[in-house]
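Colleague: One letter stands for each residue in the lines below.
Number of protein chains: 2
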Amino acid sequence: MKVRIHISLKPGVLDPQGRAVHHALESLGFGGVEDVRVGRLIELDVADETSDEALSQMCEKLLANTVIENYRIEKVAA
Amino acid sequence: MKVRIHISLKPGVLDPQGRAVHHALESLGFGGVEDVRVGRLIELDVADETSDEALSQMCEKLLANTVIENYRIEKVAA
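One line per chain: the protein sequences are A and Y, in this order. If you count the first sequence from 1, position 56 lands on 56 in full-length UniProt numbering, and the numbers rise without skipping. If you count the second sequence from 1, position 46 lands on 46 in full-length UniProt numbering, and the numbers rise without skipping.
I should point out that these hints are in silico values taken from the structure, not numbers from a laboratory. Just so you know, even glycine gets a beta-carbon here, dropped at the ideal spot from N, CA and C. Among the hints, a few may not be true.
With a cut-off of at most 30 Å between alpha-carbon atoms, the simulated DSS-like pairs for lysine-lysine come out as follows [claimed, not checked]:
| no. | chain 1 | residue 1 | chain 2 | residue 2 |
| --- | --- | --- | --- | --- |
| 1 | A | Lys-75 | Y | Lys-75 |
| 2 | Y | Lys-75 | A | Lys-10 |
| 3 | Y | Lys-2 | A | Lys-75 |
| 4 | A | Lys-75 | A | Lys-10 |
| 5 | A | Lys-2 | A | Lys-61 |
| 6 | A | Lys-75 | A | Lys-2 |
| 7 | Y | Lys-61 | Y | Lys-2 |
| 8 | Y | Lys-10 | A | Lys-75 |
| 9 | A | Lys-2 | Y | Lys-75 |
| 10 | A | Lys-61 | A | Lys-10 |
| 11 | Y | Lys-10 | Y | Lys-61 |
| 12 | A | Lys-2 | Y | Lys-10 |
| 13 | Y | Lys-61 | A | Lys-10 |
| 14 | A | Lys-75 | A | Lys-61 |
| 15 | A | Lys-10 | Y | Lys-2 |
| 16 | Y | Lys-10 | Y | Lys-75 |
| 17 | Y | Lys-61 | Y | Lys-75 |
| 18 | Y | Lys-10 | A | Lys-10 |
| 19 | A | Lys-61 | Y | Lys-10 |
| 20 | Y | Lys-2 | A | Lys-2 |
| 21 | Y | Lys-75 | Y | Lys-2 |
Here are some chain A residues the structure puts well away from chain Y; computed CB gaps all over 10 Å [to be verified]:
| no. | residue |
| --- | --- |
| 22 | Lys-10 |
| 23 | Gly-12 |
| 24 | Val-13 |
| 25 | Leu-14 |
| 26 | Pro-16 |
| 27 | Arg-19 |
| 28 | Asp-52 |
| 29 | Asn-65 |
| 30 | Thr-66 |
| 31 | Val-67 |
| 32 | Ile-68 |
| 33 | Ile-73 |
| 34 | Lys-75 |
| 35 | Ala-77 |
Pairwise CB distance ranges, derived in the manner of DEER restraints [unchecked claim]:
| no. | chain 1 | residue 1 | chain 2 | residue 2 | range |
| --- | --- | --- | --- | --- | --- |
| 36 | Y | Val-13 | A | Gln-57 | 25 to 31 Å |
| 37 | Y | Gly-29 | A | Arg-19 | 36 to 42 Å |
| 38 | Y | Ser-51 | A | Asp-45 | 32 to 38 Å |
With the rest of the complex left out, here is chain A (with noise of 0.2 Å):
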């Protein structure tokens, strides 16, 4: 089973990353963009009997800092 987990910053939190990119898309000429913020993919490749609650696990444990980070769990059809 693929699961996709989507982490973002918080809304709030500093994104230096995405100010940076901000400022780069600017330089390079394309207007419009009012707001970036950049965050992190993890595709898991997990055994079809793995449960949810295992996963929100992994996420809180591991993947995501949850004090400044928001998590995502999104399972792709196989």
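Given the structure of chain A, go ahead and fit chain Y onto it with the hints provided.
Modeller: Chain Y in isolation, oriented as in the chain A frame:
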């Protein structure tokens, strides 16, 4: 308009970060994980009139390294 850019390594490209995460998950006792790949998730807030062409150009020129990475553009309903 909110746009999410999903950037992942092309198949076959070594992913040391993914291997480290895989290893760490196993050390924490999570079984059944077969593969882990780590990519990036870039959330853009752009003007509504931004064309698909401009979004592709942003990816090609700055956001993704198309030699080793694939990107996927997803428009999110506002």
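Colleague: Under the constraints set out in the numbered hints, which ones does this structure not fulfil?
Modeller: none
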